[in-house]
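One line per chain: the protein sequences are A and B, in this order. For the first sequence, my numbering assigns the number 1 to the initial residue and increments by one for each residue that follows. For the second sequence, my numbering assigns the number 1 to the initial residue and increments by one for each residue that follows.
For the record, the hints were derived by calculation from the structure and aren't laboratory data. Please note that a few of the clues may not be correct.
[Unchecked claim] Partial selection, computed: residues in chain B whose CB lies under 10 Å from chain A:
(1) Gln21
(2) Ala23
(3) Ile249
(4) Gly350
(5) Gln396
[Stated by the list, open to error] In silico lysine-lysine, DSBU-like type, Cα no more than 35 Å apart, as pairs:
(6) A:Lys271 with A:Lys44
(7) B:Lys327 with A:Lys271
(8) A:Lys271 with A:Lys347
(9) B:Lys314 with A:Lys314
(10) B:Lys314 with B:Lys347
(11) A:Lys391 with B:Lys13
(12) B:Lys13 with A:Lys271
(13) A:Lys44 with A:Lys391
(14) A:Lys271 with B:Lys314
(15) A:Lys162 with B:Lys44
(16) B:Lys347 with B:Lys391
(17) A:Lys162 with B:Lys162
(18) B:Lys314 with A:Lys327
These numbers come from a predicted model, not from an experiment. Just so you know, even glycine gets a beta-carbon here, dropped at the ideal spot from N, CA and C.
Number of protein chains: 2
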Amino acid sequence: MGSFDPTLRINEKRLWDTLMQSAEIGRTPAGGLQRLSLSDEDRKMRDLFVRWCEEVGCTVAMDRVGNILARFPGRENLPPVAIGSHLDTTMTGGRFDGILGVLGGLEILRTLHNRHITPRRPIDLVDWTNEEGVRFPSYMSGSLVFAGLRPVEWLHSLTDEKGNTFSDALRGIGYAGDLPPNSRTFDAYFELHIEQGPLLYEANIPVGVVIGGAFVRGVTAIFRGQNAHSGGTPMDRRKNALVAAAKFIVSVNDLGLEFAPIGRTTSNWIKVIPNKGGTIPEYSEVMVDMRHQNSDQTDRMYNQALALIVRCAKEAGVEWQIGEEWKFGENIRFDPECIASIRNFAKRLGIPTMDIYSQAGHDAYSISCVAPAAMIFCPCVDGISHNEAEKIIQEQTWPAVNVLLHAVLARADR
Amino acid sequence: MGSFDPTLRINEKRLWDTLMQSAEIGRTPAGGLQRLSLSDEDRKMRDLFVRWCEEVGCTVAMDRVGNILARFPGRENLPPVAIGSHLDTTMTGGRFDGILGVLGGLEILRTLHNRHITPRRPIDLVDWTNEEGVRFPSYMSGSLVFAGLRPVEWLHSLTDEKGNTFSDALRGIGYAGDLPPNSRTFDAYFELHIEQGPLLYEANIPVGVVIGGAFVRGVTAIFRGQNAHSGGTPMDRRKNALVAAAKFIVSVNDLGLEFAPIGRTTSNWIKVIPNKGGTIPEYSEVMVDMRHQNSDQTDRMYNQALALIVRCAKEAGVEWQIGEEWKFGENIRFDPECIASIRNFAKRLGIPTMDIYSQAGHDAYSISCVAPAAMIFCPCVDGISHNEAEKIIQEQTWPAVNVLLHAVLARADR
Numbered sequence: 001m002g003s004f005d006p007t008l009r010i011n012e013k014r015l016w017d018t019l020m021q022s023a024e025i026g027r028t029p030a031g032g033l034q035r036l037s038l039s040d041e042d043r044k045m046r047d048l049f050v051r052w053c054e055e056v057g058c059t060v061a062m063d064r065v066g067n068i069l070a071r072f073p074g075r076e077n078l079p080p081v082a083i084g085s086h087l088d089t090t091m092t093g094g095r096f097d098g099i100l101g102v103l104g105g106l107e108i109l110r111t112l113h114n115r116h117i118t119p120r121r122p123i124d125l126v127d128w129t130n131e132e133g134v135r136f137p138s139y140m141s142g143s144l145v146f147a148g149l150r151p152v153e154w155l156h157s158l159t160d161e162k163g164n165t166f167s168d169a170l171r172g173i174g175y176a177g178d179l180p181p182n183s184r185t186f187d188a189y190f191e192l193h194i195e196q197g198p199l200l201y202e203a204n205i206p207v208g209v210v211i212g213g214a215f216v217r218g219v220t221a222i223f224r225g226q227n228a229h230s231g232g233t234p235m236d237r238r239k240n241a242l243v244a245a246a247k248f249i250v251s252v253n254d255l256g257l258e259f260a261p262i263g264r265t266t267s268n269w270i271k272v273i274p275n276k277g278g279t280i281p282e283y284s285e286v287m288v289d290m291r292h293q294n295s296d297q298t299d300r301m302y303n304q305a306l307a308l309i310v311r312c313a314k315e316a317g318v319e320w321q322i323g324e325e326w327k328f329g330e331n332i333r334f335d336p337e338c339i340a341s342i343r344n345f346a347k348r349l350g351i352p353t354m355d356i357y358s359q360a361g362h363d364a365y366s367i368s369c370v371a372p373a374a375m376i377f378c379p380c381v382d383g384i385s386h387n388e389a390e391k392i393i394q395e396q397t398w399p400a401v402n403v404l405l406h407a408v409l410a411r412a413d414r
Numbered sequence: 001m002g003s004f005d006p007t008l009r010i011n012e013k014r015l016w017d018t019l020m021q022s023a024e025i026g027r028t029p030a031g032g033l034q035r036l037s038l039s040d041e042d043r044k045m046r047d048l049f050v051r052w053c054e055e056v057g058c059t060v061a062m063d064r065v066g067n068i069l070a071r072f073p074g075r076e077n078l079p080p081v082a083i084g085s086h087l088d089t090t091m092t093g094g095r096f097d098g099i100l101g102v103l104g105g106l107e108i109l110r111t112l113h114n115r116h117i118t119p120r121r122p123i124d125l126v127d128w129t130n131e132e133g134v135r136f137p138s139y140m141s142g143s144l145v146f147a148g149l150r151p152v153e154w155l156h157s158l159t160d161e162k163g164n165t166f167s168d169a170l171r172g173i174g175y176a177g178d179l180p181p182n183s184r185t186f187d188a189y190f191e192l193h194i195e196q197g198p199l200l201y202e203a204n205i206p207v208g209v210v211i212g213g214a215f216v217r218g219v220t221a222i223f224r225g226q227n228a229h230s231g232g233t234p235m236d237r238r239k240n241a242l243v244a245a246a247k248f249i250v251s252v253n254d255l256g257l258e259f260a261p262i263g264r265t266t267s268n269w270i271k272v273i274p275n276k277g278g279t280i281p282e283y284s285e286v287m288v289d290m291r292h293q294n295s296d297q298t299d300r301m302y303n304q305a306l307a308l309i310v311r312c313a314k315e316a317g318v319e320w321q322i323g324e325e326w327k328f329g330e331n332i333r334f335d336p337e338c339i340a341s342i343r344n345f346a347k348r349l350g351i352p353t354m355d356i357y358s359q360a361g362h363d364a365y366s367i368s369c370v371a372p373a374a375m376i377f378c379p380c381v382d383g384i385s386h387n388e389a390e391k392i393i394q395e396q397t398w399p400a401v402n403v404l405l406h407a408v409l410a411r412a413d414r
């Protein structure tokens with residue numbers, strides 16, 4: 001073992017069929033996916049995924065926050081090489097974001113299994129819980145807990161909009177396992193993901209070698225004004241919390257334009273009270289995030305956003321407050337050796353690559369804190385993601401899976 | 001009968017106690033009221049109101065949309081003089097908006113009853129259904145239907161957020177009556193209301209003689225962009241429906257400032273899809289209203305707002321659409337004789353008055369289309385309304401109720 005076999009390739013049709021089976025579980029009328037973490041759809045997908053893993057000889061275990069770790073056996077009892085991503089989606093999500101990483105990993109195991117290849121090290125294929133953070137509002141929370149960056153109890157106690165706790169929902173779908181955080185030490189971790197941006201697609205390059213990530217900072221701005229009648233209250237007497245929020249959203253968008261093309265700012269979410277006809281709103285919240293691959297630039301945007309909160313509140317005559325603040329991706333450092341291996345196998349397979357920064361958050365960010373890690377991107381049509389219309393072109397996708405196959409196998413044989 | 005008796009006055013303590021009993025039905029922790037139309041709280045308030053009316057000898061009838069008409073008998077079977085307003089509130093409403101008009105009317109009937117005064121004409125005291133239009137989203141809908149300005153079926157088929165129809169909810173609380181719209185012809189209609197603006201309070205004048213209303217036009221702007229990942233999508237590739245909405249809200253507020261102090265514009269309500277972390281929103285709706293006592297000025301604001309929808313959509317790179325449009329209060333004309341009567345009795349009682357325009361919508365607008373109508377305003381503290389903190393000062397309030405008493409009695413004796 002250990003020598004490069006250029007004829008070793010995934011079964012492309014099988015992978016596509018598998019992706020399309022996944023695409024039926026939580027399918028939306030518009031052809032996207034709504035498969036929120038710990039929902040009934042998530043349970044169905046997990047059940048199918050576990051069965052598929054067992055069919056290729058994996059032993060499947062769950063940790064305390066529902067991360068599924070499927071072990072493909074190796075010849076020696078050594079720390080495994082891991083492949084992972086997530087099977088959950090956003091509210092109106094696509095069929096490939098996260099899913100390609102997990103089911104691409106499954107295809108790799110199926111390929112090894114069919115060729116009767118047993119690597120030296122085991123290979124762990126992982127489905128991380130609640131990457132999207134939609135139902136339980138914290139991104140990448142399963143991998144964060146696995147890496148020991150957050151306590152189990154923090155995630156267990158998150159609640160959805162109906163007041164259900166994460167731990168109850170996890171028990172409800174039957175995926176509350178016993179493994180504690182960081183129960184497994186990975187020899188290395190690889191994650192394949194669609195780019196979720198337009199660069200690879202527009203350059204028609206099938207493999208993005210991820211050399212870093214964006215540093216993301218987020219903040220929720222809270223504005224408190226005064227309910228009043230929209231007819232009876234003259235303009236100069238108003239304390240309009242929605243106007244403050246709107247000024248903030250516009251200003252934050254302008255801020256992103258100043259830091260373009262690399263910097264980005266987004267107001268993702270707004271809440272308004274009472275949000276009813278005839279009444280000047282008394283309360284608003286806006287959640288924004290700011291991203292730049294240069295941490296200093298992210299910090300600059302962040303500080304300017306804080307100043308904008310104050311300015312917009314003042315202009316609208318309302319009180320302001322800083323709500324939740326968060327950040328991720330500070331000083332992400334993917335492993336040079338893993339990165340080199342991806343480049344190396346792409347070259348040997350004759351596949352063009354592009355060095356690329358990740359702008360989104362990924363489970364690999366957390367895992368890179370506890371294991372050598374790297375990411376491979378493949379193109380998605382027009383860079384569109386977090387959208388039911390998310391698409392991939394098959395011939396632009398399979399090269400990245402084949403590169404992953406060889407990089408993982410080489411590492412597992414080391 | 002028919003001669004002016006300056007000693008005829010309401011019982012101020014009784015009226016206050018009655019208002020405070022009402023303030024317990026749907027009381028919020030902050031001391032306001034949440035008594036949405038056709039809710040269980042509304043039912044309780046209606047039951048109590050009907051009992052109170054019957055105690056002073058009224059015969060109570062309901063029409064097909066739940067308007068309660070309590071008839072205080074007159075000596076002759078002539079068209080009645082009516083007093084009305086509403087007992088429902090907004091989501092976070094106050095204790096007096098609408099309620100003072102109905103329970104002030106009740107106090108007038110109690111005063112007549114206790115003094116054994118039987119006027120020539122009957123007096124109809126009316127609680128109009130769903131004035132606030134919060135649960136079933138159309139303002140002043142009970143009086144609109146009564147006046148024949150909308151069909152019964154239109155109101156019956158409105159649904160609340162849970163999908164319950166108005167007609168089911170009305171039957172559910174037991175207030176679906178038999179009277180068809182416009183079943184009663186009023187000789188005249190008087191409505192007492194808190195100002196919901198600061199003018200009377202600041203001038204310390206207890207009676208506002210309403211000489212006209214604002215012409216209100218509303219529109220819902222719809223913006224359609226594209227869901228995309230907030231990390232992966234460069235600023236110049238975005239079609240951000242929330243940014244379009246925010247630009248529109250800011251511009252509409254600026255528009256109101258241009259037409260101040262008389263004109264006002266308000267974005268009352270926003271809806272965003274998906275409104276979740278990590279995703280550029282693909283869809284937004286903003287509901288705005290524009291008000292001015294000069295109809296031409298309202299039309300100017302309205303046309304400018306339509307142009308702003310187009311401009312903001314263009315700036316944010318999204319599609320736009322005009323949703324629902326509505327208007328009310330065009331060419332409101334209160335009856336000169338009724339207005340003169342209010343002025344006359346205030347003068348005879350030695351009460352200072354101020355001529356004032358109504359900026360809010362009121363049931364009297366609809367009724368003025370089918371009967372001679374007039375409104376009396378009294379001050380509310382700092383002009384604050386549609387707010388749990390809505391307050392009245394008792395000594396600033398009772399003069400208006402006494403003026404109403406005399407104006408109604410004089411008209412009923414005519």
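So, going through the hints one by one against the coordinates:
no.: 1; hint: Gln21; in the structure: violated (24 Å)
no.: 2; hint: Ala23; in the structure: violated (17 Å)
no.: 3; hint: Ile249; in the structure: holds (4 Å)
no.: 4; hint: Gly350; in the structure: violated (27 Å)
no.: 5; hint: Gln396; in the structure: violated (16 Å)
no.: 6; hint: A:Lys271 with A:Lys44; in the structure: holds (32 Å)
no.: 7; hint: B:Lys327 with A:Lys271; in the structure: holds (27 Å)
no.: 8; hint: A:Lys271 with A:Lys347; in the structure: violated (49 Å)
no.: 9; hint: B:Lys314 with A:Lys314; in the structure: holds (28 Å)
no.: 10; hint: B:Lys314 with B:Lys347; in the structure: violated (57 Å)
no.: 11; hint: A:Lys391 with B:Lys13; in the structure: violated (71 Å)
no.: 12; hint: B:Lys13 with A:Lys271; in the structure: violated (42 Å)
no.: 13; hint: A:Lys44 with A:Lys391; in the structure: holds (23 Å)
no.: 14; hint: A:Lys271 with B:Lys314; in the structure: holds (25 Å)
no.: 15; hint: A:Lys162 with B:Lys44; in the structure: holds (29 Å)
no.: 16; hint: B:Lys347 with B:Lys391; in the structure: holds (26 Å)
no.: 17; hint: A:Lys162 with B:Lys162; in the structure: holds (15 Å)
no.: 18; hint: B:Lys314 with A:Lys327; in the structure: holds (32 Å)
The structure does not agree with the numbered hints 1, 2, 4, 5, 8, 10, 11 and 12 stated previously, though it agrees with the rest.
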